[in-house]
Amino acid sequence: VNAVLLAPAERFHLMPSLARELFDLVGDDPPDVGTAFWVAVIRVLVDIDEVRSPRPSLERLNPLCEAVPDPLFRWVTTWLASTVLLLEGDIPGALDASDRALELGTRGGQPDAAVFHISQRSYALMQAGRSDEVVDAMLAVVEGSPGWIPPRLAAAHLLATSGRAGEAWDLLDHLAGRLGEIPPDVHFISTLCTAAQAASLAGHRSVAAEAAEHLTPYRALVGNTGATVFGPVALARGAALRACGRLDEAEADLLAGLESAQSLGTPYAEAFGWLELARLRHEHGRPGAGALARSHAGEALRLAERHGYPHLRTSAQRILEMA
Amino acid sequence: VGEAQRRCGRPEYRETLLAAAADADAAGDVELLTLAVLHNTRGFVSRVGHVDLERLDRIERALRRTSTADHGRRALLLGRLAHESRYDGTLDIAALFDEMVAEARRSGDRLVLIATL
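From first to last, the protein sequence lines are chains A and B.
If you count the first sequence from 1, you need to add 14 to reach this note's numbering.
If you count the second sequence from 1, you need to add 110 to reach this note's numbering.
So here's chain A without its partners, still in its complex pose (with noise of 0.2 Å):
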């Protein structure tokens, strides 16, 4: 459980391979439940195609994630169920969990617990189309610490999502050639999706070849540390790809981040996706791409309107308009 979940970097390469094993070796007889717990976040987070079948695995978490009696433990299975509930789209009871995991992790004297709460909160709140509520807080902590890249990479984001591209822009701008220097702990993934998300949305071309560049060998897992949550690295990696107009190994990338998406069931990723692709197909401008684009664009819109994503939904509303 250690190797899979907290490789570092250079180590990435191995966890499907080093899951498969441990998959085996736990078989159906998990020696603990904070066992069957870990191994069940792996099987969400670590995409392996013989384990395919009995995905979507976020329905045998949740459970394993109340059963936990330890207090200390609860903390962590509290903020993962929060994260668990946003891949799965439910946004308030995701912010309902974040905030029980506070709780529990202030009583219980985890240093880190409000850094936790603060990033899960504001990825949810950003997928409510409620960026400007946290925008200031994010930036805040920028200015407080300065040569932090993943705030300032969360900072862009939230710009991005609430219709401030340009200032997205200039912080990027200021992470240029610098992505490299991203800790190579377990926030790395879910840190470069961020950069190439708030990358491609701000149109910083520089900032999403580099992030791109830097997710190639992650493709396969699913970004989500618990307290940045995403989905597919596919899907971002190919956001990235598609503002560097790289159309062809895009279109690669969100086929397989969208296939992912769906297997999982994570409806924000999804919508995510159809929405990249729909611009992918609208710049592409292939005899018939108009009508995929709206086709694409459609299925962003009906996700979005159903799970509440508003920034994603006027997304797909002026691409359906152009197309």
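Derived from the structure by calculation, the hints contain no laboratory data.
Values in this document were obtained by computation on a predicted structure and should not be read as measured data.
Take the hints with a grain of salt, since some may be wrong.
Pair ranges (Cβ atoms, derived) [stated by the list, open to error]:
1. D42(A) x L201(B): 29 to 39 Å
2. R117(B) x P106(A): 25 to 35 Å
3. P83(A) x L221(B): 41 to 51 Å
4. R216(B) x P85(A): 28 to 38 Å
5. S31(A) x G159(B): 26 to 36 Å
6. D208(B) x S309(A): 23 to 33 Å
7. G159(B) x Q331(A): 39 to 49 Å
8. S177(B) x P106(A): 47 to 57 Å
9. R117(B) x E273(A): 36 to 46 Å
10. L163(B) x G312(A): 19 to 29 Å
11. F154(B) x Q331(A): 34 to 44 Å
12. F154(B) x G299(A): 45 to 55 Å
C-beta: ideal position from N, C-alpha, C; glycine also.
Since the structure of chain A is provided, determine the placement of chain B on it from the hints.
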């Protein structure tokens, strides 16, 4: 006491187990030292972005006292070292990761291998 505090969610388990580890080290009791180190965790790095120097010290003491032939114990301690050193910047975490997995395999212990993987 430290283990009971941890299971009850009382944050003072950290200090209790740090003291227990220091006492065990002074008494030369590797078994108790290892137990105090392995139980003194929330399951992953003590604080994201920071290094808990006291926990790191106890882990290193336990590793120094553990026989190189005790592969299972070394695998579990190296796992703790990998967590707590993540933001240290001086250790080669990838090499540590490789050693941890190799030791777990050498132990031949299913539970150690599950915990390590």
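- Message: Of all the hints numbered above, which does this structure not satisfy? Sort the numbers upward.
- Response: 3, 6 and 10
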